[in-house]
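Those sequence lines, one after another, are chains A and B. Mapping to the working numbering: the first sequence position 29 is 29, numbers consecutive. Mapping to the working numbering: the second sequence position 49 is 49, numbers consecutive.
Read the hints as simulated data drawn from the structure, not as lab findings. Each hint should be verified, as a subset may be incorrect.
Below are the EDC-like pairs computed for lysine to aspartate or glutamate, each with C-alpha atoms no more than 16 angstroms apart in a straight line [what the hints assert, rightly or not]: (1) K120/B with D110/B; (2) K81/B with E114/B; (3) K111/A with E16/A; (4) K96/B with E130/B; (5) K13/A with E88/A; (6) K19/B with E28/A; (7) K124/A with E31/A; (8) K81/A with D29/A; (9) K124/A with E83/A; (10) K19/B with D29/A; (11) K19/B with D34/B; (12) K19/B with E10/A; (13) K19/B with E31/A; (14) K105/A with E16/A; (15) K19/B with D38/A.
Here are some chain A residues pointing at chain B (derived, C-beta under 7 angstroms) [as the list claims (entries may be wrong)]: (16) E28; (17) I30; (18) E31; (19) A34; (20) I73; (21) K81; (22) F86.
Bear in mind the structure is a predicted one, so any value in this text is a computation, not a measurement. Where is the CB? At the ideal position from N, CA and C, for every residue including glycine.
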Amino acid sequence: MIEFRPLTYETLKVGEEFVSDEHLVTPEDIETYAFAVDDHHPWFFEDSPFGGPIAHPTLLGNQALRLRHSRYIVHAGLHAKMEFEFLEPIRQGVRVRSRGTVVDKYERRGKPYMVTEFVTEDEKGMALVRGRFTQMLFRG
Amino acid sequence: MNTSGPALPSLQKEISQRKIDAYSVVRPKSIHTDPDWARQKGFRAPLAQAMMSTAYVSELMTRFLGAGFVRGGTLSMVFIKPVYAGDRLTVRGVIKDKRREGGGTRVSVDVWCENQHGEKTAVGTATGLEP
Numbered sequence: 001m002i003e004f005r006p007l008t009y010e011t012l013k014v015g016e017e018f019v020s021d022e023h024l025v026t027p028e029d030i031e032t033y034a035f036a037v038d039d040h041h042p043w044f045f046e047d048s049p050f051g052g053p054i055a056h057p058t059l060l061g062n063q064a065l066r067l068r069h070s071r072y073i074v075h076a077g078l079h080a081k082m083e084f085e086f087l088e089p090i091r092q093g094v095r096v097r098s099r100g101t102v103v104d105k106y107e108r109r110g111k112p113y114m115v116t117e118f119v120t121e122d123e124k125g126m127a128l129v130r131g132r133f134t135q136m137l138f139r140g
Numbered sequence: 001m002n003t004s005g006p007a008l009p010s011l012q013k014e015i016s017q018r019k020i021d022a023y024s025v026v027r028p029k030s031i032h033t034d035p036d037w038a039r040q041k042g043f044r045a046p047l048a049q050a051m052m053s054t055a056y057v058s059e060l061m062t063r064f065l066g067a068g069f070v071r072g073g074t075l076s077m078v079f080i081k082p083v084y085a086g087d088r089l090t091v092r093g094v095i096k097d098k099r100r101e102g103g104g105t106r107v108s109v110d111v112w113c114e115n116q117h118g119e120k121t122a123v124g125t126a127t128g129l130e131p
């Protein structure tokens, strides 16, 4: 059982670790993402050079970005920076999970920020995507 | 940022609320999908998720390098200006560098998104392996 608390700069700890739930990448996920970003590359729906359909490389970015929601109530935040390394294609039908660690928090011009490093893996533990992102927290 | 090198074909993206809703999942108290909440947080309208701009650049790079971006690509972006529902973005890239890596060549591209007013909303660098 998770006891959710509002996210504040003060309660957030550098070194905190997050783990997402496992998610099955479905054809519907891929189609919805293609609609949302208006990118209908045939590799998403037919065959790809990797064997079978794949998802958009950034499909799982939100799983990583929402890691903090696995423990905190987060009503608003702004995404300041994003770094991705696309290590392996995200194949349709794979089960994925993201893990992240808060590696820094700081205040700049009176605004609080948190920095998270993450990796998204398949069910065999193979890293598909790795990266780092910076999010601004809203006070109050 | 280098804006004078060889340019990749640009992309145009119309940012509708419906696309934002599909990307971010509609829920109350979201600056992306709840107009009242967005206004309470100081924005004139719901914002597109910044992550959507990484998807646009990913498309730009996949069109350019194909499998060499999907496996082995990198992307680093800073989000400098909000993108609102109703905005129109142009996604651009300019080749800045090529270097040998293993048995191939890694290409670095300066990338950015600009809105209908010509203002940059996100800037960064993307790389991938040439076919």
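Margin query: Flag every earlier hint the structure violates by its number, smallest first.
Written below: 3, 5, 7, 8, 9, 12, 16, 17, 18, 19 and 20
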